[in-house]
Amino acid sequence: MNQNRRRVMKQVITLAAAGAAGLPLVAGAAAPTVINYGGSAWLGHYSAYIAMKTGLMTKHGIDLRWQAFSTSSARMAAVMAGNVDIAGTGVVSALALMASGARQFQLIATPNNFGRAEGLLVREGIKELADLKGKKIGVTYASSAHVLLLDVLSQAGINPDKDVAIINLPATELLTAYKANQIDAAAAWTPTFDRIRALPGTRLLFDDSAFSLYKSYKMSPGPDVLLTRSSFGKDNPAAVKAFMQAIFEANAMLTQKPEESARILLELTSLSMEEQLGVIKQTEWFTLADQKALMSDPGNFIVGLQKLAEMLVKLKQVDSMPQVRQWVNTTYL
Amino acid sequence: MLMKKEWFSGGALITLSAVSLVAFLLVWEGICRAGIVDAVFLPAPSQILARAMRMWEQDTLIINILASARRVMVGFLAAVVVSIPLGIMLGTSKIARAVFDPILSFLRPLPSMSWIPLTLLWFGITETQKYSIVFMGAVTPALLYVIEATQGIDPLLIRAARNLGANRWQVMREVILPGCMPQILSGMKVILGLSWTCVISAELVAAKEGLGFMIMNGKEFFQTDTVVLGMVLISFTVLITDIVFRLIQRSVLSWQK
Amino acid sequence: MAEMKNPTRTGPMIEFRGTGKSFGDLKVLHQVDLQVAQGEFLVLLGASGCGKSTMLNLVSGFERASTGSVWVNGREVKDVDPACGMVFQQYALFPWKTVRENVEFGLKMRGVSRAERARVAQHYIEMVGLKGFEDSFPNKLSGGMKQRVSIARVLANDPDVMLFDEPFAALDAMTRQVLQEQLLQIYEKSGKTIIFITHSIDEALMLSTRMVVMGAKPGRVVQDIDNDLPHPRTAEVQLSSRYIELKRSIWETVQVEVMKGLEGVK
Numbered sequence: 037m038n039q040n041r042r043r044v045m046k047q048v049i050t051l052a053a054a055g056a057a058g059l060p061l062v063a064g065a066a067a068p069t070v071i072n073y074g075g076s077a078w079l080g081h082y083s084a085y086i087a088m089k090t091g092l093m094t095k096h097g098i099d100l101r102w103q104a105f106s107t108s109s110a111r112m113a114a115v116m117a118g119n120v121d122i123a124g125t126g127v128v129s130a131l132a133l134m135a136s137g138a139r140q141f142q143l144i145a146t147p148n149n150f151g152r153a154e155g156l157l158v159r160e161g162i163k164e165l166a167d168l169k170g171k172k173i174g175v176t177y178a179s180s181a182h183v184l185l186l187d188v189l190s191q192a193g194i195n196p197d198k199d200v201a202i203i204n205l206p207a208t209e210l211l212t213a214y215k216a217n218q219i220d221a222a223a224a225w226t227p228t229f230d231r232i233r234a235l236p237g238t239r240l241l242f243d244d245s246a247f248s249l250y251k252s253y254k255m256s257p258g259p260d261v262l263l264t265r266s267s268f269g270k271d272n273p274a275a276v277k278a279f280m281q282a283i284f285e286a287n288a289m290l291t292q293k294p295e296e297s298a299r300i301l302l303e304l305t306s307l308s309m310e311e312q313l314g315v316i317k318q319t320e321w322f323t324l325a326d327q328k329a330l331m332s333d334p335g336n337f338i339v340g341l342q343k344l345a346e347m348l349v350k351l352k353q354v355d356s357m358p359q360v361r362q363w364v365n366t367t368y369l
Numbered sequence: 007m008l009m010k011k012e013w014f015s016g017g018a019l020i021t022l023s024a025v026s027l028v029a030f031l032l033v034w035e036g037i038c039r040a041g042i043v044d045a046v047f048l049p050a051p052s053q054i055l056a057r058a059m060r061m062w063e064q065d066t067l068i069i070n071i072l073a074s075a076r077r078v079m080v081g082f083l084a085a086v087v088v089s090i091p092l093g094i095m096l097g098t099s100k101i102a103r104a105v106f107d108p109i110l111s112f113l114r115p116l117p118s119m120s121w122i123p124l125t126l127l128w129f130g131i132t133e134t135q136k137y138s139i140v141f142m143g144a145v146t147p148a149l150l151y152v153i154e155a156t157q158g159i160d161p162l163l164i165r166a167a168r169n170l171g172a173n174r175w176q177v178m179r180e181v182i183l184p185g186c187m188p189q190i191l192s193g194m195k196v197i198l199g200l201s202w203t204c205v206i207s208a209e210l211v212a213a214k215e216g217l218g219f220m221i222m223n224g225k226e227f228f229q230t231d232t233v234v235l236g237m238v239l240i241s242f243t244v245l246i247t248d249i250v251f252r253l254i255q256r257s258v259l260s261w262q263k
Numbered sequence: 007m008a009e010m011k012n013p014t015r016t017g018p019m020i021e022f023r024g025t026g027k028s029f030g031d032l033k034v035l036h037q038v039d040l041q042v043a044q045g046e047f048l049v050l051l052g053a054s055g056c057g058k059s060t061m062l063n064l065v066s067g068f069e070r071a072s073t074g075s076v077w078v079n080g081r082e083v084k085d086v087d088p089a090c091g092m093v094f095q096q097y098a099l100f101p102w103k104t105v106r107e108n109v110e111f112g113l114k115m116r117g118v119s120r121a122e123r124a125r126v127a128q129h130y131i132e133m134v135g136l137k138g139f140e141d142s143f144p145n146k147l148s149g150g151m152k153q154r155v156s157i158a159r160v161l162a163n164d165p166d167v168m169l170f171d172e173p174f175a176a177l178d179a180m181t182r183q184v185l186q187e188q189l190l191q192i193y194e195k196s197g198k199t200i201i202f203i204t205h206s207i208d209e210a211l212m213l214s215t216r217m218v219v220m221g222a223k224p225g226r227v228v229q230d231i232d233n234d235l236p237h238p239r240t241a242e243v244q245l246s247s248r249y250i251e252l253k254r255s256i257w258e259t260v261q262v263e264v265m266k267g268l269e270g271v272k
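Residue numbers (our numbering), protein chains in the order written: chain A, 37 to 369; chain B, 7 to 263; chain C, 7 to 272.
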């Protein structure tokens with residue numbers, strides 16, 4: 037009893053002294069920095085979600101405000117408009133923006149690597165790639181699934197404009213369209229991927245491991261990357277660093293305590309416990325130490341991204357190839 | 007006073023409009039070149055033109071324009087074919103009007119976009135679905151235009167027609183229909199513009215070609231020049247159809263004062 | 007004088023049998039008993055509100071009698087019948103149709119062939135003196151010309167009865183005179199039965215074979231005189247004593263009725 041009272045007294049006196057000394061200390065101790073984060077139910081956001089829900093963000097002085105976006109283009113648009121400060125995104129939209137010369141954001145880390153959480157799901161009658169001819173395939177444009185689809189079709193010599201009908205549907209509509217028999221196949225990522233896969237008569241035709249760059253660079257068509265609004269990063273470097281710390285601590289939890297993590301994530305993804313565990317376990321959750329090697333020295337991740345940019349130009353998804361390195365900022369690591 | 011009138015003659019006004027347009031484009035181009043705005047937020051006219059040329063060479067431009075135009079035409083014509091006879095009947099028969107009024111009142115405020123989920127379920131991702139969106143967006147306002155036109159007919163003409171031996175159907179065909187034409191035509195001009203907005207909203211979801219699709223696709227890939235190009239093309243096409251309409255009006259309605 | 011086109015009717019062409027008409031509480035016509043023989047040119051005179059137009063509407067079938075009945079050519083009037091062609095004061099020409107198409111209208115409704123229609127229409131267009139204007143639209147015609155088209159249109163339909171509701175009231179005096187003369191010529195050639203409404207006593211005297219003056223509140227027949235003035239009704243006839251006698255008689259009747267009407271307003 038007495039000890040507690042004494043402790044409380046000490047704290048009050050300290051605060052009062054700090055208050056007397058000046059505001060900065062008080063501000064530093066009391067007010068967390070607000071970061072608007074653009075996320076979704078995709079595994080690339082698991083790190084941020086766990087960090088938020090387990091209090092890691094608050095511990096590091098961050099008030100994380102979660103905004104959900106179902107397409108990365110919408111998320112990037114929010115970044116460009118200044119409504120989102122830090123976003124996790126599949127990199128295709130970011131590359132498209134880079135190709136247009138937009139400098140409003142910088143790539144700061146890559147939180148994970150995945151290989152099997154994305155692919156093309158087809159109905160029973162389709163047994164191999166050639167069977168896709170004349171069919172309707174639903175996919176979200178400018179997403180990693182879109183790139184995967186185009187790449188695999190190109191490898192098989194199938195013309196995406198003439199031999200198949202590729203229809204643009206946002207992730208939320210893919211499931212409905214597939215169930216309603218409006219499309220014959222769907223290229224999706226988790227959790228939509230898992231939900232469609234669970235439907236009767238559906239099988240996986242190929243996943244990210246069929247991606248041409250995966251075979252050589254272990255790069256998926258839309259690797260996850262964390263990026264920050266350039267002006268936000270410049271004004272709040274400490275906050276961004278603190279954010280990163282929280283992220284990678286969450287990653288540690290994902291690697292070491294998958295069941296506990298899964299339980300927390302169920303609220304975000306609405307997957308079954310089994311599916312959720314599966315997704316967590318089949319993903320490689322990077323550490324802070326990994327980042328340096330991946331992002332700058334030798335920067336294999338960036339090399340892979342450059343190759344991806346090259347492919348986007350080849351697939352006519354973007355007009356010109358940006359020099360990805362110009363957008364990388366490793367000072368927050 | 008007389009001088010002022012001569013200054014603002016027809017030819018002078020057209021020149022003024024042309025100069026204003028050129029000046030606007032130059033200022034726009036200047037702003038973009040000076041780098042005041044990021045190209046992602048506002049592309050320069052020259053950039054948009056370059057995109058247009060590229061798309062033209064790849065034939066994608068003409069494919070998109072024709073796809074949208076086809077959808078508009080089919081949906082619009084379907085709406086016209088339904089609304090004119092139905093509208094004339096509703097305009098002349100109080101009983102029919104009373105029967106249809108509840109349905110019409112329910113349908114009228116619904117924007118065409120709200121029909122997208124339902125039509126996707128009924129027709130799937132097909133051209134029929136696109137036509138139906140245009141149709142649903144156009145048919146109710148068209149009906150209301152026709153009904154109003156019908157009620158503007160001089161009742162004396164109807165009396166004269168009946169006096170000359172016309173039965174109910176002949177009155178509709180020989181008097182009401184041609185008599186309503188001026189008002190119907192001007193109403194249809196508006197409906198055609200409306201049909202274009204419907205087609206664009208239909209193409210934003212589940213399409214793989216068309217001007218609306220082009221805009222949406224451009225947005226996904228942050229090709230703002232494509233987005234603006236799409237908008238310009240829509241404006242342009244509606245303008246042209248407007249002019250064509252006006253020519254039709256003038257030739258068909260030569261009997262008016 | 008009049009050519010008898012239809013087989014001679016023994017009975018009257020038009021008959022009002024105890025006809026009355028009310029619109030709600032307003033009694034417009036009261037107990038009209040009137041017979042019009044075939045080939046008569048009957049002029050209805052009277053102040054406004056005495057039911058003249060209503061009489062025409064009852065004959066043409068636009069209105070139905072509230073009491074009594076109306077008979078045309080031996081049949082009771084139940085509905086609109088082209089056998090009674092009406093010429094309106096406002097012409098009622100179809101503005102989107104040419105002169106020829108307007109005149110052909112009744113024939114087209116009956117399913118007459120195109121060639122036959124054109125032939126008949128041409129005949130009547132020439133009869134009313136509008137040769138050369140067959141392909142003109144009404145908006146290019148003067149008031150007098152429009153009225154002539156209107157008359158030709160009704161004639162082309164070959165009705166038993168022609169009804170005129172103040173047809174020349176909107177025209178200037180000179181045009182009116184020309185049209186009156188033309189109408190008389192047409193009447194003499196065709197022998198139609200005509201009911202003609204006018205406010206002008208002079209016009210009545212010029213055209214009619216019989217004049218009926220109507221009174222108001224309620225509408226009823228007040229005076230019924232035969233017009234025995236000789237044809238052609240030249241200026242000399244218009245200045246004759248008989249003319250003046252008739253005119254005075256009608257005038258007095260009309261005056262009384264007008265005064266009664268005014269008193270009613272007070």
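In case anyone wonders, no lab produced these hints; they're calculated from the structure. Among the hints, a few may not be true.
List of simulated lysine to any residue pairs, SDA-like, C-alpha gap at most 20 Å [claimed, not checked]:
{"no.": "1", "chain 1": "A", "residue 1": "Lys270", "chain 2": "A", "residue 2": "Phe105"}
{"no.": "2", "chain 1": "A", "residue 1": "Lys169", "chain 2": "A", "residue 2": "Gln191"}
{"no.": "3", "chain 1": "C", "residue 1": "Lys114", "chain 2": "B", "residue 2": "Arg179"}
{"no.": "4", "chain 1": "B", "residue 1": "Lys214", "chain 2": "A", "residue 2": "Ser190"}
{"no.": "5", "chain 1": "A", "residue 1": "Lys198", "chain 2": "B", "residue 2": "Trp62"}
{"no.": "6", "chain 1": "A", "residue 1": "Lys198", "chain 2": "B", "residue 2": "Lys214"}
{"no.": "7", "chain 1": "A", "residue 1": "Lys352", "chain 2": "B", "residue 2": "Thr66"}
{"no.": "8", "chain 1": "C", "residue 1": "Lys114", "chain 2": "B", "residue 2": "Ala84"}
{"no.": "9", "chain 1": "A", "residue 1": "Lys317", "chain 2": "A", "residue 2": "Glu296"}
{"no.": "10", "chain 1": "C", "residue 1": "Lys146", "chain 2": "B", "residue 2": "Gln262"}
{"no.": "11", "chain 1": "A", "residue 1": "Lys343", "chain 2": "A", "residue 2": "Leu324"}
Just a few of them, taken from the derived set where beta-carbon distance is under 8 Å, the chain B residues facing chain A [as the list claims (entries may be wrong)]:
{"no.": "12", "residue": "Ala45"}
{"no.": "13", "residue": "Val46"}
{"no.": "14", "residue": "Asp65"}
{"no.": "15", "residue": "Leu126"}
{"no.": "16", "residue": "Leu127"}
{"no.": "17", "residue": "Gly130"}
{"no.": "18", "residue": "Glu133"}
{"no.": "19", "residue": "Ala212"}
{"no.": "20", "residue": "Asn223"}
{"no.": "21", "residue": "Lys225"}
{"no.": "22", "residue": "Phe227"}
{"no.": "23", "residue": "Phe228"}
Quick reminder that beta carbons are idealized off the backbone N, C-alpha and C, glycines included.
Numbers of the earlier hints that this structure fails to satisfy, in rising order = 1, 8, 11, 14, 18
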